[in-house]
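> As given, the protein sequences belong to chains A and B, one line each in that order. If you read the first sequence in the numbering used here, its first letter stands for residue 1, the second for the next number, and so on. If you read the second sequence in the numbering used here, its first letter stands for residue 1, the second for the next number, and so on.
Worth flagging that the hints you see were computed from the coordinates, not collected in a lab. Quick caveat, the model's predicted, so the values are computed rather than measured.
Copies of the same chain look alike in the list, so a pair counts if it works inside one copy or between any two.
In the DSSO-like style, the derived pairs of lysine-lysine whose C-alpha atoms are separated by at most 30 Å in a straight line are: (1) K74 with K141; (2) K84 with K132; (3) K255 with K166; (4) K166 with K269; (5) K166 with K177; (6) K74 with K132; (7) K268 with K177.
One-letter residues, chain by chain:
There are 2 protein chains.
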Amino acid sequence: MPNPGFTGSPLNRVDHIRQDLEAFNRLLNDWRGRVLGLDGLDPMVSAEGTLVWQGMADVSLDLELILLGLHEDKPHFVPIVEAKGGPPRSPAVWLALATLPAEEAAIYGTARSLIDWHNGHRFCGQCGGETKTFRAGWGRKCGSCNKEHFPRTDPVVIMLAEHEGKALVGRQAAWPKGNYSALAGFLEPGESVEEAVRREIHEEAGITCGAVRYVTSQPWPFGGSQLMIACIAEATSTDIVMDTNELEDAMWITKDDARAALADAPDKKFGAPPPFAIANTLLRRWVAE
Amino acid sequence: MPNPGFTGSPLNRVDHIRQDLEAFNRLLNDWRGRVLGLDGLDPMVSAEGTLVWQGMADVSLDLELILLGLHEDKPHFVPIVEAKGGPPRSPAVWLALATLPAEEAAIYGTARSLIDWHNGHRFCGQCGGETKTFRAGWGRKCGSCNKEHFPRTDPVVIMLAEHEGKALVGRQAAWPKGNYSALAGFLEPGESVEEAVRREIHEEAGITCGAVRYVTSQPWPFGGSQLMIACIAEATSTDIVMDTNELEDAMWITKDDARAALADAPDKKFGAPPPFAIANTLLRRWVAE
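With the rest of the complex left out, here is chain A (with noise of 0.2 Å):
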């Protein structure tokens, strides 16, 4: 079973020197220092599908830089570049996901998700104030009331209703035609994972639930930092009312139904979601089963 998507980075965050501003000024000198290189937001691309990795003296000086973290030694940073409020994924992102090592999606989503925080908080909620970087780019601090801002994740649950070895997917409207998933949501102020799972499917699909088992989770770097929490609820009820503000469409499907989507079978009922999102990972845990 592969990993989920964007796990597995290998390096080291190293939480200590970012909070520890002459080590970090010292790997800002470190000749072997490598930068993420981007074209935009989108990751450089090798000829190989990997990333490509510049050297220190081929970044503009104007650019601030985060401290990524460690890797045999040699830091790793990612440019603060202005995010020009383009569609939050673009389709060369989506191509390059295609090919780039688990490993290196992993680097590429961190630095994306600190790229997109730190453009969408240059001033500070608190005061207005502006803010500056510091923790080697792992925080924000205001200039007026000295308030500490770092870097915001959104938990988000997405979960696959099941009942009678059935399971509860759906679709939304902007999706390629023939494509679903599983549901999924934010979670919300004074909700458990299990709460938010429940109240989500009730929402979008009208559907009551009972028990809630987590499976696994992953982050998610597009339209800011997410967390995806994966998980697999027990229907109490099978009729099917949707918010067709949110959903298009939406089925149960059995075992056989997922198996062909995930191996995009010619008689395939639906379109899977790609191998990096989690729901793919979800329906092959749930098959799996």
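Could you slot chain B onto chain A? The hints should help.
Only chain B this time, still in chain A's reference frame:
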């Protein structure tokens, strides 16, 4: 086995009403509406040890109201009071939690997290402009750049490393003398739950871990809004090397040690976390395994 703390709210969050300004305004004019009684940020508590609900007429017209949800057709609100920047939790709220029924603690927790978030997001992180409440108090919108902001919840991993029937617990210097708990830390962008668990145990105690299993989750409303994700990790080493910035002490305990602590036995080896903290639930689940 009791449910994790701050879960079990009976309120229906009625997301569809938040998105419907007319429907929200009707609820604001519903004479059956109930408003959560607060003393600063702490809950008002009745002689019976329960939450105090006020009528709509009891609330200052200057205060904006968040729609917490519906229960028995009655809308329940909480006012967005100003946070005075005191300690993240007062002795009064700790006392209140000893008597509040579980489902009322869950309601208070949701309210408290939302109030904290509003206070910290009166300005837009993207442009510094002033933000205004929208979506029935479940969002803020920038008056300058129109960016929409939604409540933040930070995922935190909290875990026991386990080795040959013993579990690793630690204590921070600021805690009451003799108290120990599970190690914990914020999940970072680009990490899965499992990766964050392994990283935190290694950073704080120098212990390496292999497989990680999820146990349960709960919200935590102090110092913002946190999603506590409780796990048990298989330790592959046992020599503790503490990060003394994080921990004052760490030790391996047996299930008998944990039982004595949870029972508050006179000869207990350490003081256990309170019942509404997920570390308490985690220790109970571990002992019961």
